[in-house]
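Construct all of the structure, not just a fragment, from the sequences and the given hints.
Chains as they are written, first to last, in this note's numbering: chain A, 188 to 443; chain B, 188 to 443; chain C, 188 to 443; chain D, 188 to 443.
Take the hints with a grain of salt, since some may be wrong.
Just some of the chain D residues that point at chain C, by a computed CB distance under 10 Å [said to hold, decoys possible]:
(1) F243
(2) P267
(3) G286
If we take Cβ atoms under 7 Å as the criterion, some of the chain A residues that face chain C in the derived model are [to be verified]:
(4) N284
(5) H287
(6) G361
Hints were generated in silico from the structure; no laboratory data involved.
Built from N, CA and C at the ideal position, the CB exists for glycine as well.
Protein chains: 4
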Amino acid sequence: MDELDIDAVAEVSLDDPVLVEGLPGVGHVGKLAAEHVLEELDEQSTLVRRLYSREFPPQVTVEDGVTELTCAELYAVEVPDGRDLLVLTGDHQAQTNDGHYVLTDAFLDIAEEFGAEEVYALGGVPTGELIDEYAVLGAVNEEPLVEELEELGVEFREDEPAGGIVGVSGLLLGLGTRRGFQGVCLMGETSGYLVDPKSARAVLEVLEDRLGFELEYDSLDERADEMEDVIGKIQEMEQQQQAMDVPSDDDLRYIG
Amino acid sequence: MDELDIDAVAEVSLDDPVLVEGLPGVGHVGKLAAEHVLEELDEQSTLVRRLYSREFPPQVTVEDGVTELTCAELYAVEVPDGRDLLVLTGDHQAQTNDGHYVLTDAFLDIAEEFGAEEVYALGGVPTGELIDEYAVLGAVNEEPLVEELEELGVEFREDEPAGGIVGVSGLLLGLGTRRGFQGVCLMGETSGYLVDPKSARAVLEVLEDRLGFELEYDSLDERADEMEDVIGKIQEMEQQQQAMDVPSDDDLRYIG
Amino acid sequence: MDELDIDAVAEVSLDDPVLVEGLPGVGHVGKLAAEHVLEELDEQSTLVRRLYSREFPPQVTVEDGVTELTCAELYAVEVPDGRDLLVLTGDHQAQTNDGHYVLTDAFLDIAEEFGAEEVYALGGVPTGELIDEYAVLGAVNEEPLVEELEELGVEFREDEPAGGIVGVSGLLLGLGTRRGFQGVCLMGETSGYLVDPKSARAVLEVLEDRLGFELEYDSLDERADEMEDVIGKIQEMEQQQQAMDVPSDDDLRYIG
Amino acid sequence: MDELDIDAVAEVSLDDPVLVEGLPGVGHVGKLAAEHVLEELDEQSTLVRRLYSREFPPQVTVEDGVTELTCAELYAVEVPDGRDLLVLTGDHQAQTNDGHYVLTDAFLDIAEEFGAEEVYALGGVPTGELIDEYAVLGAVNEEPLVEELEELGVEFREDEPAGGIVGVSGLLLGLGTRRGFQGVCLMGETSGYLVDPKSARAVLEVLEDRLGFELEYDSLDERADEMEDVIGKIQEMEQQQQAMDVPSDDDLRYIG
Numbered sequence: 188m189d190e191l192d193i194d195a196v197a198e199v200s201l202d203d204p205v206l207v208e209g210l211p212g213v214g215h216v217g218k219l220a221a222e223h224v225l226e227e228l229d230e231q232s233t234l235v236r237r238l239y240s241r242e243f244p245p246q247v248t249v250e251d252g253v254t255e256l257t258c259a260e261l262y263a264v265e266v267p268d269g270r271d272l273l274v275l276t277g278d279h280q281a282q283t284n285d286g287h288y289v290l291t292d293a294f295l296d297i298a299e300e301f302g303a304e305e306v307y308a309l310g311g312v313p314t315g316e317l318i319d320e321y322a323v324l325g326a327v328n329e330e331p332l333v334e335e336l337e338e339l340g341v342e343f344r345e346d347e348p349a350g351g352i353v354g355v356s357g358l359l360l361g362l363g364t365r366r367g368f369q370g371v372c373l374m375g376e377t378s379g380y381l382v383d384p385k386s387a388r389a390v391l392e393v394l395e396d397r398l399g400f401e402l403e404y405d406s407l408d409e410r411a412d413e414m415e416d417v418i419g420k421i422q423e424m425e426q427q428q429q430a431m432d433v434p435s436d437d438d439l440r441y442i443g
Numbered sequence: 188m189d190e191l192d193i194d195a196v197a198e199v200s201l202d203d204p205v206l207v208e209g210l211p212g213v214g215h216v217g218k219l220a221a222e223h224v225l226e227e228l229d230e231q232s233t234l235v236r237r238l239y240s241r242e243f244p245p246q247v248t249v250e251d252g253v254t255e256l257t258c259a260e261l262y263a264v265e266v267p268d269g270r271d272l273l274v275l276t277g278d279h280q281a282q283t284n285d286g287h288y289v290l291t292d293a294f295l296d297i298a299e300e301f302g303a304e305e306v307y308a309l310g311g312v313p314t315g316e317l318i319d320e321y322a323v324l325g326a327v328n329e330e331p332l333v334e335e336l337e338e339l340g341v342e343f344r345e346d347e348p349a350g351g352i353v354g355v356s357g358l359l360l361g362l363g364t365r366r367g368f369q370g371v372c373l374m375g376e377t378s379g380y381l382v383d384p385k386s387a388r389a390v391l392e393v394l395e396d397r398l399g400f401e402l403e404y405d406s407l408d409e410r411a412d413e414m415e416d417v418i419g420k421i422q423e424m425e426q427q428q429q430a431m432d433v434p435s436d437d438d439l440r441y442i443g
Numbered sequence: 188m189d190e191l192d193i194d195a196v197a198e199v200s201l202d203d204p205v206l207v208e209g210l211p212g213v214g215h216v217g218k219l220a221a222e223h224v225l226e227e228l229d230e231q232s233t234l235v236r237r238l239y240s241r242e243f244p245p246q247v248t249v250e251d252g253v254t255e256l257t258c259a260e261l262y263a264v265e266v267p268d269g270r271d272l273l274v275l276t277g278d279h280q281a282q283t284n285d286g287h288y289v290l291t292d293a294f295l296d297i298a299e300e301f302g303a304e305e306v307y308a309l310g311g312v313p314t315g316e317l318i319d320e321y322a323v324l325g326a327v328n329e330e331p332l333v334e335e336l337e338e339l340g341v342e343f344r345e346d347e348p349a350g351g352i353v354g355v356s357g358l359l360l361g362l363g364t365r366r367g368f369q370g371v372c373l374m375g376e377t378s379g380y381l382v383d384p385k386s387a388r389a390v391l392e393v394l395e396d397r398l399g400f401e402l403e404y405d406s407l408d409e410r411a412d413e414m415e416d417v418i419g420k421i422q423e424m425e426q427q428q429q430a431m432d433v434p435s436d437d438d439l440r441y442i443g
Numbered sequence: 188m189d190e191l192d193i194d195a196v197a198e199v200s201l202d203d204p205v206l207v208e209g210l211p212g213v214g215h216v217g218k219l220a221a222e223h224v225l226e227e228l229d230e231q232s233t234l235v236r237r238l239y240s241r242e243f244p245p246q247v248t249v250e251d252g253v254t255e256l257t258c259a260e261l262y263a264v265e266v267p268d269g270r271d272l273l274v275l276t277g278d279h280q281a282q283t284n285d286g287h288y289v290l291t292d293a294f295l296d297i298a299e300e301f302g303a304e305e306v307y308a309l310g311g312v313p314t315g316e317l318i319d320e321y322a323v324l325g326a327v328n329e330e331p332l333v334e335e336l337e338e339l340g341v342e343f344r345e346d347e348p349a350g351g352i353v354g355v356s357g358l359l360l361g362l363g364t365r366r367g368f369q370g371v372c373l374m375g376e377t378s379g380y381l382v383d384p385k386s387a388r389a390v391l392e393v394l395e396d397r398l399g400f401e402l403e404y405d406s407l408d409e410r411a412d413e414m415e416d417v418i419g420k421i422q423e424m425e426q427q428q429q430a431m432d433v434p435s436d437d438d439l440r441y442i443g
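Here is the structure:
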């Protein structure tokens with residue numbers, strides 16, 4: 188296999204689509220969001236490309252005993268009353284520094300192939316504590332987009348996210364700029380300890396307004412309730428363990 | 188030396204052979220199994236290829252003072268009443284992420300060269316505790332194979348192995364699919380703490396039924412008895428050290 | 188994007204310029220120094236080149252919500268009564284061993300392009316304790332330069348810096364030699380725990396004498412005072428925490 | 188700079204020379220040995236090649252304020268009454284797995300260029316405890332060499348060195364075999380905690396007998412006495428620290 192190996196699974200012609208990226212990351216917010224879009228818009232979605240690469244970890248996943256080689260998948264989503272989508276998701280990020288550059292360029296190549304000129308990178312930003320109000324932070328690669336997104340409730344804060352944006356989400360904007368893509372990164376606040384369906388919903392609600400599609404959230408909310416139960420159980424356990432001590436978020440461990 | 192350097196040691200024409208891989212891994216199950224096949228079918232086995240690569244660790248092994256450059260070896264095994272075998276074994280896995288891809292493709296190239304269209308990857312799956320009944324887990328790259336193997340007692344469990352299958356064993360199925368190989372991974376349960384000849388025997392007994400060869404197990408059973416003694420000694424020591432404490436498997440360290 | 192991707196932002200013809208490097212490192216001394224030069228000689232400075240590379244971390248910085256792909260920047264600085272400067276700065280070093288070689292060669296290519304035949308690499312050398320008198324250590328790639336710099340107060344000590352000079356600063360001299368560049372490395376002593384504007388000033392004062400430009404230091408001194416306050420607060424805290432214990436520098440953590 | 192960059196510093200025609208490698212390693216035994224040969228046979232030695240590579244760490248050494256780019260050096264040594272030598276030494280090993288392959292091939296290319304068909308790799312083998320009698324272990328890439336070296340007092344032990352031989356020393360034999368070089372690795376026993384001139388002398392005394400040159404050992408013995416003093420001081424310190432406890436070698440740290 189070459190460094191990159193792309194399977195053209197199907198061809199769908201989209202009308203001025205936007206690339207929506209949701210690979211694994213903090214709180215799995217981006218991945219949850221992308222997969223929820225595909226689940227809810229199942230009828231209108233078609234798997235169009237599979238991308239295999241030596242930059243992914245050397246492994247297969249196993250489902251019901253059948254193996255699947257690690258890859259990234261792109262789905263064409265035809266949205267009647269909104270913008271068409273090209274949704275990118277998968278189980279892994281690149282494993283090396285320059286692998287992120289290689290894969291991001293490959294994703295942008297495919298986006299160009301489908302006529303996309305805009306990119307939405309979805310992810311989470313860790314707050315270090317459990318969250319009640321799920322704010323959505325924004326970053327863009329063209330200054331005018333700031334105001335447009337603020338009108339949709341996206342927050343832009345000085346020096347946030349502190350460390351910049353790392354990995355494919357960051358490079359989709361960074362390399363995108365150099366290739367003429369308009370880029371937006373939407374980051375849902377999340378504790379960083381847990382898979383966070385609520386944060387994913389917050390991000391998707393902004394995206395709905397921006398791109399003009401509509402989703403049901405029952406399945407995502409169910410998933411959120413399950414996580415609530417998990418958190419509850421953990422905190423109980425800790426209260427018991429720590430006798431009189433007040434449990435601190437630091438005691439939580441990452442749970443998926 | 189190039190990234191890959193293959194020595195054609197001998198030529199043997201095999202009749203519709205299957206590639207059987209047993210490189211080092213959990214409990215050295217795959218390696219023990221592959222080497223036992225070669226030991227028991229010594230008469231019918233011929234070393235046909237040596238594969239050297241920069242992807243292997245930069246070292247030589249030393250036996251009786253004579254050095255041998257790290258490599259993988261492939262043996263042609265002619266089985267009178269069963270399927271011919273192309274057995275792959277060696278002392279090391281690749282040392283880098285994409286090295287696993289490079290080596291697996293090279294192994295499949297050689298398999299094709301010998302006319303193989305099926306791959307059996309042998310390995311172990313760690314349970315974290317000492318084992319009495321050695322179950323063999325399976326994974327395949329074509330759904331229909333599940334039932335065929337279940338009839339031979341191979342177990343397929345939902346979401347097992349949890350983390351998927353990493354390294355050459357996984358990629359032989361993953362890349363194999365893309366190259367038209369039918370692939371089966373047989374994983375013997377093993378504690379994960381010890382080299383496990385019993386697990387290797389469990390895996391081989393499935394392979395015997397599947398491919399129609401027959402092996403003696405005296406030497407492997409002897410090796411197993413030696414390991415039993417080792418475990419016994421460790422547990423004694425720990426019981427002494429820990430006074431009244433009950434020894435837990437966690438106290439065991441990996442022993443080869 | 189290729190391994191290297193250089194944007195020619197502007198063209199400025201310089202008169203026998205020297206390359207002045209200030210990438211991040213110990214105490215951020217080099218980076219602070221280079222940025223102070225650009226800040227103070229703002230009028231005479233022009234951004235001429237941006238260098239992007241897979242060797243940089245795969246990330247974007249975010250300022251006021253707008254992303255900037257990680258890169259290195261070179262500024263042409265025209266100095267009326269002194270040597271013209273080509274100032275190199277950025278937010279990151281290369282992330283891999285050979286990435287340092289790749290980037291350094293690229294920087295020297297650009298230096299040649301602008302007619303530079305001399306390189307000044309600016310950095311810090313860690314002492315492990317807080318500093319009162321800021322000595323500047325030197326290293327050169329041509330023996331005769333030692334005496335010239337000693338006359339400007341630069342110190343040359345046997346076997347210092349102990350581990351040699353690592354990264355771009357070291358390679359600018361090492362590779363520079365092989366390409367006919369005269370090279371000087373100026374290293375300000377710094378604790379190694381803190382961003383150190385005072386050390387940056389000590390380095391710049393040598394550079395002023397050597398290259399014949401003049402800077403104001405108010406902004407750098409303010410920054411230094413802020414750091415003094417930080418140190419003070421830390422030491423207080425520690426004195427309180429440690430009751431009667433005398434605080435040791437080892438208790439300080441790196442603060443930027 | 189390319190991956191490899193070789194400077195032909197001088198040309199010397201040697202008579203059937205042997206390549207003698209002494210790069211840094213356990214106890215710096217190989218490096219001490221190679222450098223002692225060059226020091227004692229100074230008159231007959233000529234620096235013939237400098238090899239620079241991205242596989243070396245990205246750094247310069249600094250001596251008396253002057254920088255030297257990391258490299259490996261090869262010296263031609265004309266030995267009147269013995270075999271001519273091509274001595275390889277330097278300050279660093281490769282920094283990556285396949286870098287060891289790349290550099291070893293480059294060293295063998297140069298050896299071929301000078302007509303060498305034999306390689307002697309010098310190094311140390313760690314025993315984990317301080318040593319009185321300095322045995323020299325051997326490994327060869329052609330079985331008949333075992334007996335020849337045993338006659339010179341070299342020891343060959345089953346399964347030693349346990350982990351095989353890693354890095355350039357191992358690959359000089361491993362890759363050497365594939366390129367028609369006869370290869371010998373001489374490993375002096377050493378604690379592994381300290382730079383060990385005595386072990387280097389033990390290795391050199393074997394090499395003298397084998398290749399027919401003669402060295403003085405005063406300077407190496409002086410260095411050994413200094414190390415003895417260091418060991419003595421450490422043990423004292425530990426006896427004091429540990430009151431009544433008997434000091435164990437494990438308490439020693441690596442000291443160069």
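Results of checking the hints against the structure:
The beta carbon of F243 of chain D comes within 8 Å of a beta carbon in chain C, closer than 10 Å, and the hint placing it at the interface holds. Against a cut-off of 10 Å between C-beta atoms, the interface hint on P267 of chain D is violated, since the closest Cβ of chain C lies about 35 Å away. Interface restraint check for G286 of chain D: the shortest CB-CB distance to chain C comes to about 8 Å, inside 10 Å, so the restraint holds. Interface hint at N284 of chain A: satisfied, since its Cβ lies 5 Å from the closest Cβ of chain C, which is below the 7 Å cut-off.
Interface restraint check for H287 of chain A: the shortest CB-CB distance to chain C comes to about 3 Å, inside 7 Å, so the restraint holds. Because the beta carbon of G361 of chain A sits about 3 Å from the nearest beta carbon in chain C, less than 7 Å, this interface hint is met.
Consistency note: the structure conflicts with earlier hint 2 alone.
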